[in-house]
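Chains A and B are the protein sequences, given in the same order.
All residue numbers for the first sequence refer to our numbering, where the first residue is 968 and numbers rise by one.
All residue numbers for the second sequence refer to our numbering, where the first residue is 205 and numbers rise by one.
Everything labelled a hint here was simulated from the structure, so no lab data went into it.
It is possible that some hints are incorrect.
Once the Cα atoms are required to be at most 27 Å apart in a straight line, the calculated BS3-like pairs of lysine-lysine come out as [to be verified]:
hint	chain 1	residue 1	chain 2	residue 2
1	A	K1101	A	K1060
2	B	K244	A	K1013
3	B	K302	B	K247
4	A	K1065	A	K1022
5	B	K247	A	K1090
6	B	K213	A	K1066
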Amino acid sequence: MKEGNAISRRKFMIMTGLACAAVVSSSSIGSLLKPAVAEGAKKPEKENINDVLKKFFGDRKIEMSHVKLKTPIIAENGAVVPVTIISDLPMEKDNYVKKIYIFVDENYHPFTASAELSPANGKAALALRIKMRKTSNVRAILETNTGKLYGAQKAVKVTIGGCGG
Amino acid sequence: MPKGIGKIKIRVPRKIKKGDVIPVKALITHPMETGFRKDKKTKKRIPAYYINDVNVYYGDELISRMEWTIAVSANPFMTFYLKADKAAPLKIVWKDIKGGKYEKTIQINPQ
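Sequences are here, hints too, so could you generate the full structure?
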């Protein structure tokens, strides 16, 4: 009876040992597999905002005036962040805002949208709903037909990211 | 065309005076998939599917052209302005990366 008990206990110990080993090995396999899976699924590489701005505008100076950027201070849902850009720059025949750009610093691809305008728009303004991955700066940059750049930026707090994952 | 994609609403003020700068609001239903999202059931990645090109015509003239990326929200809603100085149709054309083309024309009749 005693012996039988001991054996069962020994068996039990072996069993638990095996189980533990199994758990450990499976978890180690899991941890080994995880990065491989992520790589296979092409995790996007984050572009640096400064590099992107350089690519778009070179070394041209961006004047932080004449542009009003309206965003919520806290966006509850990063998938829908309303952004409004209004400028008091003139929209006349020879002097108008040619293009409006929107950038989000912390998105994988900071360039969000651009709009080419013409004097027929009458007003240099645009409103759009954009996605934000996480808390970040939003930048609006306006380019005039003479090549001058005007900009504004604002920080937006995001509580739920909006790029899926 | 997949179901529920490409429904368009365009809204302009009811009364327009000649020469007024009016807001034009336009909404289109589109999933704007980023390509980063996974299907919760099949665990497969949903391929990117988004509108990347928007053109606005007033009469025969192309007055605005927009370039969008995946970071524009699903069912994109935009507001832009238009100087209503002539009675002419306003046409907005959206194009997505799978070749879908959605357009709607409304008549601008300033008084």
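Among the hints numbered above, which are violated by the structure, and what are their numbers in rising order?
1 and 5
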